[in-house]
Amino acid sequence: DAGVTQSPTHLIKTRGQQVTLRCSPKSGHDTVSWYQQALGQGPQFIFQYYEEEERQRGNFPDRFSGHQFPNYSSELNVNALLLGDSALYLCASSNTRVVSPQHFGDGTRLSIL
Amino acid sequence: KNEVEQSPQNLTAQEGEFITINCSYSVGISALHWLQQHPGGGIVSLFMLSSGKKKHGRLIATINIQEKHSSLHITASHPRDSAVYICAVSGNTDKLIFGTGTRLQVFP
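So the protein sequences, as listed, match chains A and B. Its first residue numbered 1, the first sequence is counted upward by one per residue in my numbering. Its first residue numbered 114, the second sequence is counted upward by one per residue in my numbering.
Since the hints were made in silico from the structure, they are not lab data. Hints may contain errors.
[What the hints assert, rightly or not] What the simulated footprint calls covered on chain B by chain A, stretch by stretch (three residues with Cβ under 8 Å from a Cβ of chain A suffice, anywhere in the stretch; the number is not a length):
| # | stretch |
| --- | --- |
| 1 | 156-165 |
| 2 | 197-207 |
| 3 | 211-221 |
Think of the CB as a built atom: it goes at the ideal place given N, C-alpha and C, for glycine as much as any other residue.
Kindly generate the complete structure, drawing on both the sequences and the hints.
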C-alpha cells in the first residue's frame, strides 16, 4: 500500500517562473493539505483540498493555487516565483471521516535562483 | 508570539539518556501531535493525543489541557533517535499549526 507520493523530489527554477508540484494521497484518503517549510522552520499551512475544492487556506498570496482531481490527487501551483519561495513543500493526506493523524509525503525541495 | 512554542531548539544527548522535549500552545485545540522529521525531509506522525498520556515503545507523550502544555519523552535514547521532533496542534479541521521543532542528536 503506497503512502503519500510527491513529485518531483527536487526542482530548480528562476525568479518569475511558474512551478507545479504533484501529490498522490495514501490509498483511502480523500483530503490533501499542502505545507511550506523554510529552512530551519516548522511547516506552514498553505491550503487544504477536499471534494475537489479548497476547504481552507493559510496566509499565502494568490500566487499559490491548487487543484484536486477526482482521484483525490492534488497539484500545487506557484506563479511569479520569488527567492523567498525556496523551501520544502510537503503534502499530507487524511480521511475526512476518520479521526487520525495525517500522512506526509517526503516533500519537494524547490530552489529559486 | 508563535501559537506553538517548543523547547529546547537543540538537544544533544549520550546514548541511554532520558530525553524530554516540551511544547506549549496558546490556541484552542482538538488534538496535539508529535512528529518526527529526518534529514531527508519526510515527516512521520508519532502521536496524536487530546488528553492524558500515550506510550509507544520507548516514546511517551503527555498533555495537560488546562496548562496547554505537552511533553515528549524518549527513554534509553539511541543514535537512531537523532532527528527533528516537531509539535503541532489541530482544531476542528485537519489544518496543523506547527512549532519550529527540536533538533535532537544522540551520540554513542
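Here's how the hints hold up against the structure:
1. Counting residues of the stretch 156-165 of chain B whose C-beta sits closer than 8 Å to any C-beta of chain A gives 4, which meets the bar of three, so the coverage hint holds.
2. Coverage of a stretch by a chain is defined here by at least three residues with a beta carbon nearer than 8 Å to that chain's beta carbons; for the stretch 197-207 of chain B and chain A the count is 4, and the condition holds.
3. Beta-carbon proximity to chain A at under 8 Å applies to 4 residues in the stretch 211-221 of chain B; the threshold of 3 is reached and the given coverage holds.
Consistency note: the structure conflicts with none of the earlier hints.
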